[in-house]
Amino acid sequence: MSSIDYTQELPVIEGRPTLKEINELIAKPLDQKPDKKFYIALSITLTMLLAGAIALGFTFYYGVGLWGNNNPVGWGFPIVNFVFWVGIGHAGTLISAILFLFRQKWRNGIARFAEGMTIFAVMTAGLFPLIHVGRPWLAGYLIPYPNQHSLWVDFNSPLLWDVFAVSTYFTVSFIFWYVGLIPDFASLRDRAVGKVKKTIYSIFSLGWRHSNRHWSHYEMVYLVLAGFATPLVLSVHTIVSFDFAVSILPGWHATIFPPYFVAGAVFSGFAMVQNVLIFIRKIFNYEHIITLDTLEKMNKIIILTGSMVGYAYAMEFFTAWYSGVQPEQFTFINRAFGPYAWAYWIMVSCNVIFPQLFWIRKIRRSIPVMFVIAVLVNVGMWFERFVITVTSLHRDFLPSSWAYFKPTVVDVAILIGSFGFFFTWILLFTKSLPVVSIAEIKAVNEGAQPSHGEH
Amino acid sequence: MSDKILYSLTGLFDTPDEIIAAAEKVQSEGYTKYDVNTPYPVHGMDSAMKLPMSRLPYVAMVVGITGMFLALFFMWWTNSVDYPLVIGGKPYFAFPAYVPIMFEVTVLSASIATVVTMIAIVFKFPNNSHPLMDTEYMKNVSVDKYGISIAADDPKFDFDKVKSLLESLGAKNITPIYYKEEDLNFKPKTFEPKFVIAMIVLFAAVSAVTYITLNKLMYLPPFDWMMEQSKVIAQERSDVFEDGRGMRTPVEGTVARGFLPYKFKNNPEAAGKYLVNPLAATEENLSLGEKKFDIYCSPCHGYLAEGDSRLKGQFPSPPSLHSKKVRNWSDGRIYHVITEGQNAMPSYAYQLSRKERWAVVLYIRALQRSLNAKESDLQ
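As given, the protein sequences belong to chains S and D, one line each in that order.
First residue of the first sequence? That's 1 in the numbering used here, and the numbers climb one at a time after it.
First residue of the second sequence? That's 1 in the numbering used here, and the numbers climb one at a time after it.
Since the hints were made in silico from the structure, they are not lab data.
Computed from a predicted structure; not experimentally measured.
Glycine included, C-beta positions come from ideal geometry on N, C-alpha and C.
Hints are supplied without guarantee of correctness; some may be wrong.
[Claimed, not checked] For the chain D half of the interface with chain S, some residues (derived, Cβ under 10 Å), not all of them: (1) Ile20; (2) Thr78; (3) Asn128; (4) Asp134; (5) Met138; (6) Asn140; (7) Ile174; (8) Asn266; (9) Asn267; (10) Ile295; (11) Ser298.
Construct the entire structure; sequences and hints are all you get.
Have a look at this one:
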């Protein structure tokens with residue numbers, strides 16, 4: 001470990017396991033009864049989920065007055081949480097699609113899990129637009145259908161673009177994920193012993209026979225989907241940023257928003273994937289599949305995107321100063337030194353300062369340290385959305401209407417509930433589906449591809 | 001074994017190099033109905049088997065582009081044709097604002113179509129009763145072996161020849177795969193009564209659900225939330241105000257925009273004397289007058305103002321506006337008739353703005369001149 005030659009391409013999977021070992025290793029957790037630790041973890045996440053559900057019940061019964069939202073701050077926690085969770089999802093698609101197009105083989109070990117995380121994060125995010133309207137049963141009006149008033153939705157509104165972007169993102173991610181799972185379902189089917197299990201896997205494997213006549217189409221479809229998912233993932237957070245940027249509010253109305261949001265999304269998503277993978281590789285003994293090198297590469301991406309985010313923070317100040325628009329300048333000075341300075345500086349230190357420690361190789365390869373830094377990154381990224389949303393609103397053009405936004409217990413409970421929702425899905429996922437792609441891992445194992453000397 | 005039919009002869013290999021060599025050999029021997037089964041896609045196998053490039057990307061392209069234009073068309077139709085609405089000062093057809101949704105619809109439709117085509121057309125729908133299913137062979141290639149399977153219906157198939165070919169290639173576990181006639185059912189199942197009944201039931205259920213949702217459910221609480229709003233509408237009773245009216249009357253002495261009080265009420269002579277037409281006889285004003293006259297006056301007075309109208313016999317016929325009397329009236333006097341009405345003729349002050357009334361007067365003057373031209377008009 002002490003001397004790594006970066007000029008050599010490292011094997012993606014360490015220790016050269018046989019294909020049979022890979023098969024067994026990945027499929028085994030699905031056969032075993034969940035152990036005590038699993039139930040403890042599940043009960044924690046379910047408790048969090050319950051707290052959120054109760055808070056939501058109160059919200060829907062009594063109304064959104066239970067939240068901290070006040071008059072100038074009409075957008076509070078729900079929007080902050082929405083942007084946060086959509087952002088988390090982005091790492092999954094980046095890993096599975098963009099790194100696939102760039103032929104980064106190390107992605108194979110983590111792609112399946114990251115995609116799953118994307119889906120759960122988008123599901124969590126998708127709750128918040130419904131929650132924030134306070135009357136979620138009215139959400140049907142977001143769909144352009146011929147209703148009894150001959151009214152159509154407003155196709156000029158970024159909020160509607162959001163509906164299309166997030167639902168498309170969810171659907172395409174899900175398809176991509178499922179297509180990746182088909183060969184694995186077939187492998188599971190062929191090793192299943194119980195009749196019920198076998199039937200279930202047979203159904204989901206769609207009669208897959210590992211036939212090369214099928215693989216040939218399959219690989220093409222996978223490439224096409226990756227090609228679509230790549231611009232899609234960039235578009236989703238771009239459109240989310242339009243929710244802010246298309247308005248004319250100082251602090252929101254900025255052309256830098258789309259790239260800045262996308263970088264931030266990848267940043268926070270990678271931190272989340274890294275955090276969860278650290279547990280997964282430990283619990284399931286996947287250390288040689290999800291290698292330390294892979295984690296190190298992820299940390300490099302965290303430092304890259306973190307620096308982009310830091311650049312955007314600086315650029316926002318420059319733009320405000322250079323524009324010469326007073327309300328714009330006021331907003332930014334107020335952000336850094338006003339009543340929400342505490343939130344601003346949490347954001348800057350967590351997002352810009354701490355990730356820079358990854359320049360040091362020791363830190364990049366130390367699991368406890370990288371775990372803590374990635375947690376801080378997600379704290380910082382949550383505060384970034386908080387700062388953007390709340391500080392731009394709380395002091396508007398009319399000083400007499402200025403106010404301070406304070407979240408209530410209900411706000412916080414809904415936030416906790418969203419984490420509970422997300423992690424419950426993650427836990428169920430680890431016990432019901434292979435968290436690492438069996439076929440993809442076999443394909444990048446050493447000696448898995450024909451030697452070139454033959455041809 | 002009598003009822004068993006041979007499906008194929010299979011052999012297994014241990015390394016990717018061997019299977020590539022085997023596939024190349026089998027291909028060059030001229031077999032066409034053979035397949036290679038590997039636990040993951042082996043690089044170079046497509047060229048060894050001489051497989052053409054998958055054409056599925058064309059599906060993605062065609063469906064994606066179609067989806068994009070359909071989305072554009074739909075947004076144009078809703079916003080410009082079905083319910084034109086100005087939003088944020090944008091034009092009805094605000095193309096830049098449509099780009100995000102066009103993009104999303106492209107990606108969505110293309111992705112779904114490609115995957116569905118792959119499963120439905122290329123894979124010919126999931127087939128869980130394929131002869132290869134549940135065999136030792138399948139269980140091996142699913143894990144770590146590389147298999148080749150030469151089908152018995154290949155025109156060149158000959159059991160012993162294929163067996164020796166596989167042996168010469170170094171294949172292990174050379175096994176024939178059989179299936180039973182009743183396992184496979186090649187008869188078309190589309191017209192089986194069970195299937196037909198299922199389709200009819202499905203069709204009826206989908207229609208019923210759609211009909212009930214769109215025509216009944218949408219009008220029941222709480223889905224009538226847009227129709228039945230708890231706000232006060234004009235003319236409705238409201239307990240909030242003392243007089244019990246939902247509508248408020250304007251503060252005394254205020255004048256609504258465009259409703260300046262008319263000074264010559266019941267005083268046609270004064271109106272004729274003091275009111276002066278502020279409009280010049282320009283083409284613009286005359287065509288405005290023509291338009292308004294044709295809409296509001298012609299039903300009774302006729303298009304030429306001769307009293308020969310479409311309402312003849314159903315309403316007291318008005319006199320011709322070409323009479324000497326009206327010709328000699330001042331513009332203000334005619335204006336007064338439009339504003340206040342006269343006997344059987346009602347007031348048009350609510351339908352026509354002041355400017356429009358003057359424009360109509362100009363037009364009447366033009367009509368009068370057409371029948372009673374002055375000497376000077378000839379020049």
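Out of the numbered hints, which ones does the structure contradict?
7, 8, 9, 10 and 11
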